Amino acid sequence: MERPAAESLRAILDEVTPRTSLIALSHVLWLNGHVLPLAEIKRATGVPLLVDGAQSAGAIPVDASVADWYTVSGQKWLCGPETTGALYVADHERLRPQVQSFAAHAYTDARRVGLVHLAPAMVAGLLAALAEIPEWGFERAARLVTHCRESLL
1156 MERPAAESLR AILDEVTPRT SLIALSHVLW LNGHVLPLAE IKRATGVPLL
1206 VDGAQSAGAI PVDASVADWY TVSGQKWLCG PETTGALYVA DHERLRPQVQ
1256 SFAAHAYTDA RRVGLVHLAP AMVAGLLAAL AEIPEWGFER AARLVTHCRE
1306 SLL
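First residue of the sequence shown? That's 1156 in this note's numbering, and the numbers climb one at a time after it.
Hints are supplied without guarantee of correctness; some may be wrong.
[Unchecked claim] FRET-style restraints, in silico, Cβ to Cβ:
1) Thr-1175 with Ala-1279: 35 to 43 Å
2) Cys-1303 with Ala-1179: 44 to 52 Å
3) Thr-1238 with Pro-1173: 26 to 34 Å
4) Leu-1168 with Thr-1301: 21 to 29 Å
5) Leu-1242 with Ala-1199: 18 to 26 Å
6) Trp-1185 with Asp-1218: 19 to 27 Å
7) Asp-1264 with Leu-1307: 24 to 32 Å
Calculated directly from the structure, the hints in this document are not laboratory data.
What you are looking at is a predicted structure, and each value in this text was computed from that prediction instead of being measured.
Backbone N, C-alpha and C define an ideal beta-carbon position, used for all residues, glycine too.
Build the full structure now, drawing on both the sequences and the hints.
See the structure below:
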């Protein structure tokens, strides 16, 4: 059910104007399984890209570096506990949080946007889930997902 990359790219480019300051989208559309061509979108627009990777990480190969920000839900395809996830930030210097932790001013690196209150059990659960990835890894899972999706067509 993957749309042709050109069709997805054209649909997004049709919505981008000179006033567009951010493109926020899902990497994989949950409704139909379409995989958006992130690298092409970024290359064609040059606009900062915020990607929701909830449906992609663990189901398809992911290169978060094509986005400026890439979010991941730990509880979905990564098989971690509820409330877990991660955020990839390409350039933490550009990130200006509206609310910062009490220690944020002490750091100039990515720690300045870190969490003050973590749920250690949840973090441990996510790390354990990631450690249990079978030796065949996510690539095989991605092939199986693609096979199943194509079988439905």
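To see whether the hints hold, each was checked on the structure:
1. Thr-1175 with Ala-1279: 35 to 43 Å: Roughly 40 Å apart at Cβ, these two residues keep to the hinted range, so it holds.
2. Cys-1303 with Ala-1179: 44 to 52 Å: Between Cys-1303 and Ala-1179, where Cβ atoms are some 28 Å apart, the hint is violated.
3. Thr-1238 with Pro-1173: 26 to 34 Å: At 39 Å between Cβs, range violated.
4. Leu-1168 with Thr-1301: 21 to 29 Å: 26 Å, holds
5. Leu-1242 with Ala-1199: 18 to 26 Å: 24 Å, holds
6. Trp-1185 with Asp-1218: 19 to 27 Å: 20 Å, holds
7. Asp-1264 with Leu-1307: 24 to 32 Å: 45 Å, violated
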